[in-house]
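Please take these sequences and the hints and turn them into a complete structure.
So the protein lines, in turn, are chains A and B. Position 514 (the first sequence) corresponds to 514 in my numbering; numbering is contiguous. Position 169 (the second sequence) corresponds to 169 in my numbering; numbering is contiguous.
Hints listed in this document are in silico derivations from the structure and should not be mistaken for laboratory results. Please note: incorrect hints may appear among the correct ones.
[Stated by the list, open to error] Keeping only pairs whose Cα atoms sit at most 30 angstroms apart, straight-line, the calculated BS3-like set for lysine-lysine is:
{"no.": "1", "chain 1": "B", "residue 1": "K171", "chain 2": "B", "residue 2": "K94"}
{"no.": "2", "chain 1": "A", "residue 1": "K313", "chain 2": "B", "residue 2": "K41"}
{"no.": "3", "chain 1": "A", "residue 1": "K403", "chain 2": "B", "residue 2": "K53"}
{"no.": "4", "chain 1": "B", "residue 1": "K38", "chain 2": "A", "residue 2": "K117"}
{"no.": "5", "chain 1": "B", "residue 1": "K90", "chain 2": "A", "residue 2": "K310"}
{"no.": "6", "chain 1": "A", "residue 1": "K403", "chain 2": "B", "residue 2": "K61"}
{"no.": "7", "chain 1": "A", "residue 1": "K261", "chain 2": "B", "residue 2": "K41"}
{"no.": "8", "chain 1": "A", "residue 1": "K433", "chain 2": "B", "residue 2": "K94"}
{"no.": "9", "chain 1": "B", "residue 1": "K115", "chain 2": "A", "residue 2": "K310"}
{"no.": "10", "chain 1": "B", "residue 1": "K90", "chain 2": "A", "residue 2": "K256"}
{"no.": "11", "chain 1": "B", "residue 1": "K61", "chain 2": "A", "residue 2": "K256"}
{"no.": "12", "chain 1": "A", "residue 1": "K117", "chain 2": "B", "residue 2": "K138"}
{"no.": "13", "chain 1": "A", "residue 1": "K313", "chain 2": "B", "residue 2": "K61"}
{"no.": "14", "chain 1": "A", "residue 1": "K113", "chain 2": "B", "residue 2": "K138"}
{"no.": "15", "chain 1": "B", "residue 1": "K38", "chain 2": "A", "residue 2": "K256"}
{"no.": "16", "chain 1": "B", "residue 1": "K41", "chain 2": "A", "residue 2": "K417"}
{"no.": "17", "chain 1": "B", "residue 1": "K53", "chain 2": "A", "residue 2": "K347"}
{"no.": "18", "chain 1": "B", "residue 1": "K63", "chain 2": "A", "residue 2": "K261"}
{"no.": "19", "chain 1": "B", "residue 1": "K171", "chain 2": "A", "residue 2": "K256"}
{"no.": "20", "chain 1": "A", "residue 1": "K261", "chain 2": "B", "residue 2": "K61"}
{"no.": "21", "chain 1": "B", "residue 1": "K41", "chain 2": "A", "residue 2": "K310"}
{"no.": "22", "chain 1": "B", "residue 1": "K94", "chain 2": "A", "residue 2": "K347"}
{"no.": "23", "chain 1": "B", "residue 1": "K115", "chain 2": "B", "residue 2": "K90"}
{"no.": "24", "chain 1": "A", "residue 1": "K347", "chain 2": "A", "residue 2": "K256"}
{"no.": "25", "chain 1": "A", "residue 1": "K256", "chain 2": "B", "residue 2": "K89"}
{"no.": "26", "chain 1": "A", "residue 1": "K366", "chain 2": "A", "residue 2": "K437"}
{"no.": "27", "chain 1": "A", "residue 1": "K399", "chain 2": "B", "residue 2": "K89"}
{"no.": "28", "chain 1": "B", "residue 1": "K53", "chain 2": "A", "residue 2": "K366"}
{"no.": "29", "chain 1": "A", "residue 1": "K399", "chain 2": "B", "residue 2": "K115"}
{"no.": "30", "chain 1": "B", "residue 1": "K61", "chain 2": "B", "residue 2": "K94"}
{"no.": "31", "chain 1": "B", "residue 1": "K115", "chain 2": "A", "residue 2": "K424"}
{"no.": "32", "chain 1": "A", "residue 1": "K261", "chain 2": "B", "residue 2": "K147"}
{"no.": "33", "chain 1": "A", "residue 1": "K70", "chain 2": "A", "residue 2": "K366"}
{"no.": "34", "chain 1": "B", "residue 1": "K53", "chain 2": "A", "residue 2": "K313"}
[Unchecked claim] Just the calculated beta-carbon pair ranges, DEER-fashion:
{"no.": "35", "chain 1": "B", "residue 1": "P82", "chain 2": "A", "residue 2": "K424", "range": "36 to 42 angstroms"}
{"no.": "36", "chain 1": "A", "residue 1": "A289", "chain 2": "B", "residue 2": "E167", "range": "51 to 57 angstroms"}
{"no.": "37", "chain 1": "A", "residue 1": "G109", "chain 2": "B", "residue 2": "Y117", "range": "30 to 36 angstroms"}
{"no.": "38", "chain 1": "B", "residue 1": "S104", "chain 2": "A", "residue 2": "Q387", "range": "16 to 22 angstroms"}
{"no.": "39", "chain 1": "A", "residue 1": "Y124", "chain 2": "B", "residue 2": "S104", "range": "30 to 36 angstroms"}
{"no.": "40", "chain 1": "B", "residue 1": "L173", "chain 2": "A", "residue 2": "R386", "range": "17 to 23 angstroms"}
Just so you know, even glycine gets a beta-carbon here, dropped at the ideal spot from N, CA and C.
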Amino acid sequence: MSAFENTKCECGHQNPTGTVLCENCGYPLDPEEESSEAPLEMRYDGIARRSQKANPNPIDRVWNFFSSVKVAVRLIVITLIAAMIGTIFTQENAFISFDPTTYYEGKYGWIGKWYYKLGFSNTYESWWFIGLLVMIGTSLVICSLDRVLPLYRALNKQQIRKHEQFLVRQKTVYTGEIEGPEDVWTDNMAKQLKRKHYKVHMEGGALLAEKNRFSRWGPYVNHIGLIIFLLAVLLRTLPGWSIDNYVTVAEGDTVKVPETKYYVKNEKFTIDYYTDAELPKELKGTARAKLYETQAILYTCAADCDDPSKEPKLTEVKRHNIIVNDPLSYNGIKAYQFGFDDTPKLKAVNPVLIDKKTGKSYGPFKLDMRNPQLNFELGPYSLELRQSYMDFALNSDGKPTTKSREPNAPAFVFLLKGPGLSDKGEPYMYFPKQNDKARFSQDVINGELAERFELKVPAMEGVEFTPVETSLNIRYDRAMPYIWVGAGISMFGLLLGSYWQHRRIWLRLDNGRVTLGAHTNKNNYGMRAEVTSALRGIGIVVEPKSLDNGRNKS
Amino acid sequence: MKSNRRLIQVLIFLGVIVLGGYAIGNSLFADGGGLPRKGSKPPAFALLDADGKTHRLEDYKGKALVINFWGSFCPGCVTETPDLEAQYKKHGDKPFEIVGINLSEDRLTINNFIKQYGVSYTILQDNNRQVESAYGLKSYPTTFFVKPDGTIMDVFIGPMGEQDMDERITKLLAS
Chain A
1 MSAFENTKCE
11 CGHQNPTGTV
21 LCENCGYPLD
31 PEEESSEAPL
41 EMRYDGIARR
51 SQKANPNPID
61 RVWNFFSSVK
71 VAVRLIVITL
81 IAAMIGTIFT
91 QENAFISFDP
101 TTYYEGKYGW
111 IGKWYYKLGF
121 SNTYESWWFI
131 GLLVMIGTSL
141 VICSLDRVLP
151 LYRALNKQQI
161 RKHEQFLVRQ
171 KTVYTGEIEG
181 PEDVWTDNMA
191 KQLKRKHYKV
201 HMEGGALLAE
211 KNRFSRWGPY
221 VNHIGLIIFL
231 LAVLLRTLPG
241 WSIDNYVTVA
251 EGDTVKVPET
261 KYYVKNEKFT
271 IDYYTDAELP
281 KELKGTARAK
291 LYETQAILYT
301 CAADCDDPSK
311 EPKLTEVKRH
321 NIIVNDPLSY
331 NGIKAYQFGF
341 DDTPKLKAVN
351 PVLIDKKTGK
361 SYGPFKLDMR
371 NPQLNFELGP
381 YSLELRQSYM
391 DFALNSDGKP
401 TTKSREPNAP
411 AFVFLLKGPG
421 LSDKGEPYMY
431 FPKQNDKARF
441 SQDVINGELA
451 ERFELKVPAM
461 EGVEFTPVET
471 SLNIRYDRAM
481 PYIWVGAGIS
491 MFGLLLGSYW
501 QHRRIWLRLD
511 NGRVTLGAHT
521 NKNNYGMRAE
531 VTSALRGIGI
541 VVEPKSLDNG
551 RNKS
Chain B
1 MKSNRRLIQV
11 LIFLGVIVLG
21 GYAIGNSLFA
31 DGGGLPRKGS
41 KPPAFALLDA
51 DGKTHRLEDY
61 KGKALVINFW
71 GSFCPGCVTE
81 TPDLEAQYKK
91 HGDKPFEIVG
101 INLSEDRLTI
111 NNFIKQYGVS
121 YTILQDNNRQ
131 VESAYGLKSY
141 PTTFFVKPDG
151 TIMDVFIGPM
161 GEQDMDERIT
171 KLLAS
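Right, here's the structure in full:
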């Protein structure tokens with residue numbers, strides 16, 4: 001920018017720095033525009049954006065950066081590309097538990113490795129993606145403010161009499177001699193334009209007709225909607241505004257939903273597979289689920305909710321059979337069918353104690369894998385549970401330990417008391433699973449006692465497995481109404497800007513000669529047709545094409 | 001008019017910094033795997049001890065608190081237990097507590113463990129992994145050092161050596 005820029009128009013109006021067309025008479029001030037003959041650049045009516053200043057300070061510079069539409073378009077393109085890349089592989093948040101460091105490389109090879117390394121495995125929650133959205137949001141606010149206020153002012157106080165240059169360099173232009181007195185001619189023209197719903201302003205041999213100015217506000221209304229939308233998305237990150245977690249509920253169990261006061265019960269879980277007859281040839285023999293259904297009940301807790309020493313008092317609020325895409329829904333909280341686990345896990349065994357010498361058996365008694373009963377009376381004998389291991393193993397010191405908390409290889413140590421045994425009792429180790437019994441040599445561990453007694457499940461009925469577990473995805477989103485409002489406003493703005501066009505016609509009469517220029521923000525063809533029709537109304541017949549300034553194609 | 005314009009500019013930038021900073025900060029710190037952050041307050045819990053008595057996090061307000069998640073199936077948890085016990089005895093006269101939250105094992109296992117290692121600090125039993133998941137645990141043991149004002153001073157993932165423990169507890173007691 002030159003050190004000194006003359007912003008004073010020949011009509012005498014002092015314009016702000018950066019003005020393209022004089023705010024008053026429309027004469028092109030920009031030297032490049034002035035020397036050209038092409039149609040004028042009518043964007044924002046040639047006004048200076050409010051950020052265009054002679055001596056910008058640092059704040060102005062940041063402001064200028066965000067006020068640039070070019071920058072906004074680049075930000076949007078980068079964001080779109082990133083969002084597209086984010087759809088290539090499954091995102092991390094789609095898994096409940098997995099190891100992303102090995103998953104992507106293991107499944108997709110080197111592409112997966114770099115996908116993870118570059119952070120695309122968590123695109124939409126990454127700081128840089130959020131950063132891009134924040135920048136777009138900033139740009140939305142600043143771009144809009146920078147243009148809407150000066151534009152509003154410019155359109156609000158329009159000069160009726162424009163410079164001739166301004167008129168002949170519109171895209172729709174008519175010039176010609178008129179017949180009869182000037183004021184009669186303009187009155188007739190005004191009548192014609194009014195019939196076409198124009199608002200007409202006249203001032204000493206000049207006329208301005210305008211309609212649908214409101215459509216100019218469409219983009220800004222649209223931006224307000226988008227900003228509300230973005231703010232609503234931001235609201236979701238506030239604690240308590242959105243919940244997205246998973247509960248696993250075994251059939252018959254009631255489980256607390258984390259972060260809420262709700263409990264959910266799985267009354268019954270059903271899974272049906274397609275029969276081979278129903279499947280196409282290439283899928284025969286594979287297990288294809290036809291129906292997953294959780295018969296669920298949602299409860300709220302009325303009392304004793306937060307005291308583990310008491311059972312919570314639950315009140316049923318909703319009952320629903322959840323299937324895929326048909327969640328249980330109550331007060332904004334939704335429970336979706338997410339998955340299930342039907343691998344059999346040992347829940348309890350019902351063994352009997354056999355006295356090998358007499359062949360007599362005592363029992364059975366129920367031995368739960370989790371929280372088992374500690375004392376059992378079996379005829380003359382008693383068993384006292386001393387130690388349990390869920391996943392039996394020997395540690396580095398050769399001592400018994402458990403590898404995990406899942407009953408993969410359960411083992412129990414009892415103290416057996418009764419006739420013919422020492423008063424203090426004798427330890428007996430019991431592996432309920434047959435293969436563990438052999439693997440860890442139960443009989444060797446029990447030594448001499450193994451020759452006299454045996455704990456044994458007499459039949460398959462004595463083994464109980466945990467019921468099928470269903471996994472439900474619990475979601476809650478308080479920001480949803482705001483997101484809809486934002487989307488609605490944005491759509492309304494889009495309608496305003498798309499289905500109506502802001503049209504203006506200026507004309508001036510100088511010594512029996514009329515100069516007419518017309519401008520629309522879109523659809524120049526329609527604009528020319530409208531001007532032709534108005535001219536025909538006062539007896540001037542011209543071809544719409546002949547009004548075309550000739551230097552544009554639209 | 002001119003100062004008005006400057007005010008609007010500054011207000012908009014402030015808004016962007018606050019809201020944008022919050023949004024970006026949120027996404028930055030969410031990457032920590034869901035573990036409560038240093039300086040934040042740990043999630044509340046209400047759990048039973050071996051005698052069936054309820055213990056809540058708020059019961060420990062005003063005391064330096066060590067929350068240690070452990071399980072008998074986790075060798076690292078087992079090896080650090082005697083050191084924790086030693087620390088507990090050493091600072092018994094101060095407003096200092098250790099709470100060992102068991103990773104949803106059964107009562108018998110917990111009681112045997114308490115007896116075997118002579119644990120005198122509070123041992124609580126989690127159920128169905130609820131507290132564990134509220135704390136966002138991914139590996140065991142994990143230990144939280146909570147200052148008397150109820151904020152987390154430090155989080156230690158993995159088994160602690162005697163020195164790791166001593167340093168942190170000394171710092172915790174000084175806070």
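Hint check results:
| no. | hint | result |
| --- | --- | --- |
| 1 | B:K171 x B:K94 | 13 angstroms, holds |
| 2 | A:K313 x B:K41 | 29 angstroms, holds |
| 3 | A:K403 x B:K53 | 29 angstroms, holds |
| 4 | B:K38 x A:K117 | 26 angstroms, holds |
| 5 | B:K90 x A:K310 | 35 angstroms, violated |
| 6 | A:K403 x B:K61 | 35 angstroms, violated |
| 7 | A:K261 x B:K41 | 21 angstroms, holds |
| 8 | A:K433 x B:K94 | 49 angstroms, violated |
| 9 | B:K115 x A:K310 | 26 angstroms, holds |
| 10 | B:K90 x A:K256 | 39 angstroms, violated |
| 11 | B:K61 x A:K256 | 26 angstroms, holds |
| 12 | A:K117 x B:K138 | 21 angstroms, holds |
| 13 | A:K313 x B:K61 | 28 angstroms, holds |
| 14 | A:K113 x B:K138 | 22 angstroms, holds |
| 15 | B:K38 x A:K256 | 28 angstroms, holds |
| 16 | B:K41 x A:K417 | 51 angstroms, violated |
| 17 | B:K53 x A:K347 | 27 angstroms, holds |
| 18 | B:K63 x A:K261 | 29 angstroms, holds |
| 19 | B:K171 x A:K256 | 37 angstroms, violated |
| 20 | A:K261 x B:K61 | 24 angstroms, holds |
| 21 | B:K41 x A:K310 | 26 angstroms, holds |
| 22 | B:K94 x A:K347 | 45 angstroms, violated |
| 23 | B:K115 x B:K90 | 20 angstroms, holds |
| 24 | A:K347 x A:K256 | 21 angstroms, holds |
| 25 | A:K256 x B:K89 | 37 angstroms, violated |
| 26 | A:K366 x A:K437 | 19 angstroms, holds |
| 27 | A:K399 x B:K89 | 27 angstroms, holds |
| 28 | B:K53 x A:K366 | 28 angstroms, holds |
| 29 | A:K399 x B:K115 | 16 angstroms, holds |
| 30 | B:K61 x B:K94 | 14 angstroms, holds |
| 31 | B:K115 x A:K424 | 19 angstroms, holds |
| 32 | A:K261 x B:K147 | 29 angstroms, holds |
| 33 | A:K70 x A:K366 | 75 angstroms, violated |
| 34 | B:K53 x A:K313 | 19 angstroms, holds |
| 35 | B:P82 x A:K424: 36 to 42 angstroms | 28 angstroms, violated |
| 36 | A:A289 x B:E167: 51 to 57 angstroms | 54 angstroms, holds |
| 37 | A:G109 x B:Y117: 30 to 36 angstroms | 47 angstroms, violated |
| 38 | B:S104 x A:Q387: 16 to 22 angstroms | 18 angstroms, holds |
| 39 | A:Y124 x B:S104: 30 to 36 angstroms | 32 angstroms, holds |
| 40 | B:L173 x A:R386: 17 to 23 angstroms | 39 angstroms, violated |
Hints 5, 6, 8, 10, 16, 19, 22, 25, 33, 35, 37, 40 from the earlier list are contradicted by this structure; the remaining hints agree with it.
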